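Engineer: One-letter residues, chain by chain:
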Amino acid sequence: MSEAAVRVIGLWASPYVIRVLIALKLKGVEYEFVEEVVGKKSELLLRSNPVHKKIPVLLHHGKPVSESLVIVQYIDEVWSSSSSGGAPAAAILPADPYTRAVHRFWAQYADDKVPSAVRILKGTDAGDKEQAAGQLAAALQLLEQAFVELSHGKRYFGGDSVAYLDIALVSHVGWVKAVEKIAGVALLDKAKVPNLVAWADRLCAHPAVADAIPDADKFVEYSVKYGSFSKPINGPAK
Amino acid sequence: MTQPRDGGEVGELKLLGLWSSPFVTRAKLALQIKGLSYEYVEEDLSNKSELLLSSNPVHKAVPVLIHDGKPVCESSVIVQYIDDAFAGTGASFLPADPYNRAVARFWAAFLEDKLVKSWGRVFSTKADEERAEAMRETIAAAGVLESGLKECSGGQGPFFGGDSVGYVDVLLGGMVSWIKAAEPLSGAKIIDAATTPLLAAWMGRICELDAAKAVLPDVDAVVEYARGVQARVAAAAAEN
Chain V
38 MSEAAVRVIG
48 LWASPYVIRV
58 LIALKLKGVE
68 YEFVEEVVGK
78 KSELLLRSNP
88 VHKKIPVLLH
98 HGKPVSESLV
108 IVQYIDEVWS
118 SSSSGGAPAA
128 AILPADPYTR
138 AVHRFWAQYA
148 DDKVPSAVRI
158 LKGTDAGDKE
168 QAAGQLAAAL
178 QLLEQAFVEL
188 SHGKRYFGGD
198 SVAYLDIALV
208 SHVGWVKAVE
218 KIAGVALLDK
228 AKVPNLVAWA
238 DRLCAHPAVA
248 DAIPDADKFV
258 EYSVKYGSFS
268 KPINGPAK
Chain D
10 MTQPRDGGEV
20 GELKLLGLWS
30 SPFVTRAKLA
40 LQIKGLSYEY
50 VEEDLSNKSE
60 LLLSSNPVHK
70 AVPVLIHDGK
80 PVCESSVIVQ
90 YIDDAFAGTG
100 ASFLPADPYN
110 RAVARFWAAF
120 LEDKLVKSWG
130 RVFSTKADEE
140 RAEAMRETIA
150 AAGVLESGLK
160 ECSGGQGPFF
170 GGDSVGYVDV
180 LLGGMVSWIK
190 AAEPLSGAKI
200 IDAATTPLLA
210 AWMGRICELD
220 AAKAVLPDVD
230 AVVEYARGVQ
240 ARVAAAAAEN
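In order, the protein sequence lines correspond to chains V and D. Per the numbering used here, the very first residue in the first sequence carries number 38; after that it's consecutive. Per the numbering used here, the very first residue in the second sequence carries number 10; after that it's consecutive.
Note that these hints are calculated values from the structure, not bench results. Everything numeric in this text was worked out from a predicted model, so none of it was measured. Be aware that a few hints might be false.
Computed list of lysine-lysine pairs in DSS-like fashion (alpha-carbon distance at most 27 Å, straight line) [to be verified]: (1) V:150 / D:69; (2) V:166 / D:69; (3) V:78 / D:69; (4) V:77 / D:69; (5) V:90 / D:126; (6) V:191 / V:166.
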């Protein structure tokens, strides 16, 4: 039996993997999910991403693409509306260069602020939990404002359609909700970031997202079972 | 205002910067290569202008590119914006094929996440041993980037973009004066003909470009600036 044309190497709980799956589902692309075993990197992974030895990796006809946001852009460009056979999928990258730049800015911001705070709050990195919660709350406040500016009263950061920043940010929601439970802090707080909360609920119910982001409890369970999957698995611990 | 080849209006471009910043130099290099005219505003980061604070309220940092009054922040975002907004002007910084674009973007991410990050620690870390470790990591990253250059150029030319200047060339190109300053500052070379021959050849070719000559800050000036920064970091550490 021949190999699937599109394969994703990953772990379901990784926000970086989640965003790749959402992008593929939005485009209606069939793919095979090659789930890694936590704590033991496969030969396929090591061969496909020799530089970082990290997930996610997209294999398209066997050719590897690494780095989650690079993969999302690749998916957008390969499965653009003009090339798909069925109903055209909406573009992920905004068409307007300025809007595109704003999406890129906030996606980078989210990746700079959210994962590091999450790791402290779930106890896998050392750090002041109160400070991490405060910093994450402040970051969400700015993202709330960005949502109001970018959505123009519509459903998503991309307006009517799910766009680059929607995908980049929603991929963190599973862990943000999990650390709310683990650390006992309110982050996606209706009182403080009402638009963001509504957006998260709405987007997590979207057919392309619902299967990729399980309930917060599943993330909590994962954290208890595996500790941090971001600890170096091959090589000395930091 | 410059008229790009397609005859469309460019609009008003303003760049807020600091002469010594490699991130600002990236933006200048991109604008220069595209042949775009812009107004340059030198910021005093100890006394930030109202325009800077209102244009980049999140980070309050340079570079900021303001196009017809709309600000774009973060150097890699700015370079991509210049490529997207002025698509008719000069060659694109990225190849046409999606897979090759992904390869270029992968190496741009590697440059930021590995080389630039560890190099930043060389200047911000107070402890000698940590600084030496950060320098070792930077040099190791350059070694890996050497293979990236080989992959991106595909043997078509000296640049990451092959025979033309591409996205990674601009991002790394903005840092050349600092790369050259590494040896006088730390005694170690980041790019070295013996260990990273492709990158060493790359650096030679980048520096021959008129666009690079127009924007790269003087290496001695950068060395002096960096020594000033290190002295201030050391003084602050001594006070604690």
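Engineer: None of the hints should be skipped; say for each whether it holds.
Structural biologist: Tested hints:
1. V:150 / D:69: Cα-Cα ~16 Å, so holds.
2. V:166 / D:69: holds (26 Å)
3. V:78 / D:69: violated (41 Å)
4. V:77 / D:69: Violated, at about 42 Å.
5. V:90 / D:126: holds (19 Å)
6. V:191 / V:166: violated (34 Å)
In the structure shown, a violation is registered for the earlier hints numbered 3, 4 and 6, in ascending order.
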